[in-house]
Amino acid sequence: AQSVAQPEDQVNVAEGNPLTVKCTYSVSGNPYLFWYVQYPNRGLQFLLKYITGDNLVKGSYGFEAEFNKSQTSFHLKKPSALVSDSALYFCAVRPMFSGGYNKLIFGAGTRLAVHP
Amino acid sequence: DTEVTQTPKHLVMGMTNKKSLKCEQHMGHRAMYWYKQKAKKPPELMFVYSYEKLSINESVPSRFSPECPNSSLLNLHLHALQPEDSALYLCASSQASPRDRGNEQFFGPGTRLTVL
Numbered sequence: 001a002q003s004v005a006q007p008e009d010q011v012n013v014a015e016g017n018p019l020t021v022k023c024t025y026s027v028s029g030n031p032y033l034f035w036y037v038q039y040p041n042r043g044l045q046f047l048l049k050y051i052t053g054d055n056l057v058k059g060s061y062g063f064e065a066e067f068n069k070s071q072t073s074f075h076l077k078k079p080s081a082l083v084s085d086s087a088l089y090f091c092a093v094r095p096m097f098s099g100g101y102n103k104l105i106f107g108a109g110t111r112l113a114v115h116p
Numbered sequence: 117d118t119e120v121t122q123t124p125k126h127l128v129m130g131m132t133n134k135k136s137l138k139c140e141q142h143m144g145h146r147a148m149y150w151y152k153q154k155a156k157k158p159p160e161l162m163f164v165y166s167y168e169k170l171s172i173n174e175s176v177p178s179r180f181s182p183e184c185p186n187s188s189l190l191n192l193h194l195h196a197l198q199p200e201d202s203a204l205y206l207c208a209s210s211q212a213s214p215r216d217r218g219n220e221q222f223f224g225p226g227t228r229l230t231v232l
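Protein chains in written order, with my numbering: chain Y, 1 to 116; chain Z, 117 to 232.
The reader is advised that the hints may include incorrect statements.
Claimed, not checked - To spell it out: a stretch of chain Z is covered by chain Y in this simulated footprint if at least three of its residues, at any positions, have a beta carbon under 8 Å from a beta carbon of chain Y; those stretches are:
no.	region
1	132 to 145
2	149 to 158
3	220 to 231
As the list claims (entries may be wrong) - Cβ-Cβ distance ranges computed for the label pairs, FRET-style:
no.	chain 1	residue 1	chain 2	residue 2	range
4	Y	41	Z	134	19 to 29 Å
5	Y	115	Z	154	38 to 48 Å
6	Z	156	Y	15	15 to 25 Å
7	Z	119	Y	111	20 to 30 Å
It should be emphasised that the hints constitute simulated quantities derived from the structure, not laboratory data. All figures in this text were calculated on a predicted structure; none of them were measured in a lab. Positions of the beta carbon are idealized from the N, C-alpha and C atoms, including for glycine.
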């Protein structure tokens, strides 16, 4: 079965400290990987994606993610967290054999809380 | 214009009502999506339109009826809904290409639906 796992329901970080939000995936073939952020009562905002090439991907608002094929992971990182980064973060994957070429599989989401 | 707009922002309806949700984008995207999202859960794909044709229906009950009148508009017609259909309904759009799976989706802010 194809799936995305975000093992942490919530991540707590002090402002100014580095943050990591974890994501692992299980899909057939080479995946396309995405991170989205959702603020309260809002839609999802695209942060970054991995398609091919460099394993370290840089995205919006200072976020980056590292693709690790051997560990099937795509963890989201930021060197210095801001209180305004507090939101719900979703990892998503579009597998090669999805049966529909525009279908995303979302993880359950991780709530990031950045404390002043 | 990199925005997906959705109307209304909030909708309260009875189980016998008929209502419609609307979504619009002017980014030239030819793939459009409807998602349902329950509180603190990831979005669940409902429908995908590609080049104004329905390409994915995720076994959604017939009380939800999508329509794509043109490449910029996407509607979701609602009839005889149940209280458990109360959720945030998200519209998204992306570039459409059968062989390119790396196109990120742009989400609207959603319509908060309450069924009484």
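Comparing the hints with the structure gives:
1. Coverage of the region 132 to 145 of chain Z by chain Y is violated. Counting CB-CB distances below 8 Å, 0 residues qualify, and the rule asks for three or more.
2. Proximity of the region 149 to 158 of chain Z to chain Y, defined as three or more residues with a beta carbon under 8 Å from a beta carbon of that chain, is established by the 4 residues found.
3. Coverage of the region 220 to 231 of chain Z by chain Y holds [criterion: at least 3 residues with CB-CB distance below 8 Å; count 8].
4. Distance hint for residue 41 (chain Y) and residue 134 (chain Z): a CB-CB separation of about 25 Å, consistent with the stated range 19 to 29 Å.
5. A hinted range of 38 to 48 Å is violated for the C-beta pair residue 115 (chain Y) and residue 154 (chain Z), which are about 27 Å apart.
6. In this structure, residue 156 (chain Z) and residue 15 (chain Y) meet the distance hint of 15 to 25 Å, their C-beta atoms being roughly 24 Å apart.
7. The beta-carbon spacing between residue 119 (chain Z) and residue 111 (chain Y), approximately 26 Å, falls within the hinted interval of 20 to 30 Å.
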